[in-house]
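Sequences listed follow chains A and B, in order.
The numbering used here puts the first residue of the first sequence at 1, with every later residue one more than the last.
The numbering used here puts the first residue of the second sequence at 1, with every later residue one more than the last.
Hints were generated in silico from the structure; no laboratory data involved.
Where hints are given, some of them may not hold.
Chain A is faced by these chain B residues, among others (derived, beta-carbon under 8 Å) [to be verified]: (1) Ile-122; (2) Leu-133; (3) Met-137; (4) Val-213; (5) Val-217; (6) Ile-251; (7) Ile-254; (8) Met-258.
As the structure is a computational prediction, the values presented were derived from the model and not from experiment.
C-beta atoms are modelled at their ideal positions from N, C-alpha and C, and glycine is treated no differently.
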Amino acid sequence: MQGYLYFVAKRALLMLAVIFFGVSAMFLVTYLSPIDPVEQVLGRLSARSNLSPEAIASTREALTAMFGTGQPMLTQYYNFWTRLLQGDLGASLMAFPTPAMELVMRGMPWTLGLLLTSTVITFIVGNLMGGLAGYFQNNRFFKAFGIVTMGLQPIPYYIVAFIILIIFGFLWPVLPISGGFGMDVRPAWTMPFVLSVLQHSLLPAFSLVLVGLGGWFIGMRALVSNIVTEDYVTYAELAGVKRDTIVGSYVMRNALVPQVTALAMVIGGVFSGTIITEQVFNYPGIGSLLIDAVNAGDYSTVLAVCTVSITAVAFAIFIVDLLHPLLDPRVRAE
Amino acid sequence: MFAVFRDLIRYNTEFAIGLVLVGIVVIFAGLSFFSPIDPTLIYMAIPDQPPSAQYWFGTNSRGQELFWQLSAAFKNSLIFGITVAVLSRIISITVGLAAGYLGGWVDRVLMFINDIFVSVPIFPILVLFYFVLRNNMDSFTMALILACFGWPFDARLIRSVALGLKHREFTRHAVFAGMSTRKVLLEEHLPYVMPIVFSTFMNNMLWSIGMEVTLAVLGFTNINNPTIGTVLYWANSHSAMVVGVWWWIVIPVILIVMTFLGLFLLAVSMNEYIDPRSRLRRMGA
Chain A
1 MQGYLYFVAK RALLMLAVIF FGVSAMFLVT YLSPIDPVEQ VLGRLSARSN
51 LSPEAIASTR EALTAMFGTG QPMLTQYYNF WTRLLQGDLG ASLMAFPTPA
101 MELVMRGMPW TLGLLLTSTV ITFIVGNLMG GLAGYFQNNR FFKAFGIVTM
151 GLQPIPYYIV AFIILIIFGF LWPVLPISGG FGMDVRPAWT MPFVLSVLQH
201 SLLPAFSLVL VGLGGWFIGM RALVSNIVTE DYVTYAELAG VKRDTIVGSY
251 VMRNALVPQV TALAMVIGGV FSGTIITEQV FNYPGIGSLL IDAVNAGDYS
301 TVLAVCTVSI TAVAFAIFIV DLLHPLLDPR VRAE
Chain B
1 MFAVFRDLIR YNTEFAIGLV LVGIVVIFAG LSFFSPIDPT LIYMAIPDQP
51 PSAQYWFGTN SRGQELFWQL SAAFKNSLIF GITVAVLSRI ISITVGLAAG
101 YLGGWVDRVL MFINDIFVSV PIFPILVLFY FVLRNNMDSF TMALILACFG
151 WPFDARLIRS VALGLKHREF TRHAVFAGMS TRKVLLEEHL PYVMPIVFST
201 FMNNMLWSIG MEVTLAVLGF TNINNPTIGT VLYWANSHSA MVVGVWWWIV
251 IPVILIVMTF LGLFLLAVSM NEYIDPRSRL RRMGA
């Protein structure tokens, strides 16, 4: 038990370091950039309406106070953290005066839902197929499956999503290609709404799964085909252990340990993929929010999305790391 | 070196296919050095012409000949990928060899930094860079940023090899003979990690070109510089598929798939070659 606590403490430290480093890097980028957020916001405000010079001057003052620019770097850095810890990143400019954080939280369930389902499906299907393909190396079906997924794996995510979009939106329009739910349903916990959400999430999730499968498949097949040659597997076969037990508990379980480590490592990358998915399929998550915010020059919202995504990814990695000892008893004993 | 190459082509179909695919793309990209027109100029030809004897790949709605446009785009993207790969290889070799050989607290600190870099989601950071730099973000800046994030996986791989080398006889001989640490790492250990460096080089190129495509498609790069991503960006912004200029999308996508499959096959087959067990199995020995 003590070994496990030590392991958890180490991982928690890493999580905090990742958040600290990521957010500090973010601060530095915005601090060192030649662009002044105050002037950007002002430019946008005055482009839309006629403001008197006095109004512009007082807006500039208010904005300078809000962004805290003009103070020494360390003070700004300190203020940045204190505000961040209170969950306050200022008002969004696109949807003034909604707080940027609220916009992010509105998009979060969509992104989390999409990310979670597609990652779980990809991980389970990829590893199961890869494991079986490694064990039954001469099976035709698994060989064909391997060629297809390996062919899809290296292609940039965007291209695959785009091809799916062309096929299902253009050549064979059976599934909705845009939006989070149908236009004719009211967002509430009712049957038609849930069905509509599921229907709309099919294509985005499918594209994410399609791209992710190959990596897990290849990794698991390689691991299993190495483990199969180990003495203990031969011994178990000779001792007449049932084949299901050998594949399930002896071979796959061992091979899963490095795969779970790998899962923690790719979460950040999968998150990037989700941002693109949302853009391609016009899905209402935080990825779409980020892109809209960049295009609208909305400083607070961009910062809020970046902070939340760095924190969320670090936390997700922490959770996956905690699962590790359940599979690998050596970590518990250490 | 040459014998290795010959063996790979003879016994490894994947390597041969990959080599052919990458070869075609590289030759196509190289043609851009002899391009008769400046690929950044627009309205130099009749817009929206389908592929014909005069315009091999057709022309796009911006009045550019797609053949030369794509050739320049692939040249720029390949150069971009190679730049990122070289820069990040330098970091990963240094970190990997140092962490593996020196061990102790150096190893622990380097691997902690390594873990941080693995975990930070790069895409929001890249978007943030674009947000603050806007049009000052050229390919080279982007290559630098990507190189800063592209090394940690490979540094870990190199470290694991270096850990094994540390306790080999020849390392001890070299140390007793009075070789400096830098010399041991560069002259004794580096040759052993070179195969890994080559195979991860391809993977890194895949990753960085993919990132560039993603950013450019969203319009988050300098969209006037022809690259694989910006060609698609302009095709999208002119709704090429909807108005029926299909060649503007289909031809680049075919070329992209060729590039990525080719690089991937090269990386996979080299990876397999590194492992002597699978190499022997393939050669039938």
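For each hint, the structure was consulted:
1. Ile-122: OK, holds: Ile-122 of chain B within 8 Å of chain A, min 7 Å.
2. Leu-133: Since the shortest Cβ distance to chain A is 7 Å, the answer is holds.
3. Met-137: Given a least distance of 11 Å, the restraint on Met-137 of chain B is violated.
4. Val-213: It holds, given that the least Cβ distance between Val-213 of chain B and chain A is near 5 Å, below 8 Å.
5. Val-217: Given a least distance of 5 Å, the restraint on Val-217 of chain B holds.
6. Ile-251: Hint on Ile-251 of chain B: violated, closest Cβ of chain A at ~13 Å, above 8 Å.
7. Ile-254: 10 Å, violated
8. Met-258: This hint is violated: Met-258 of chain B lies away from chain A, its Cβ roughly 10 Å from the closest one there, beyond 8 Å.
Checked against the numbered hints listed earlier, the structure breaks hints 3, 6, 7 and 8; every other hint is satisfied.
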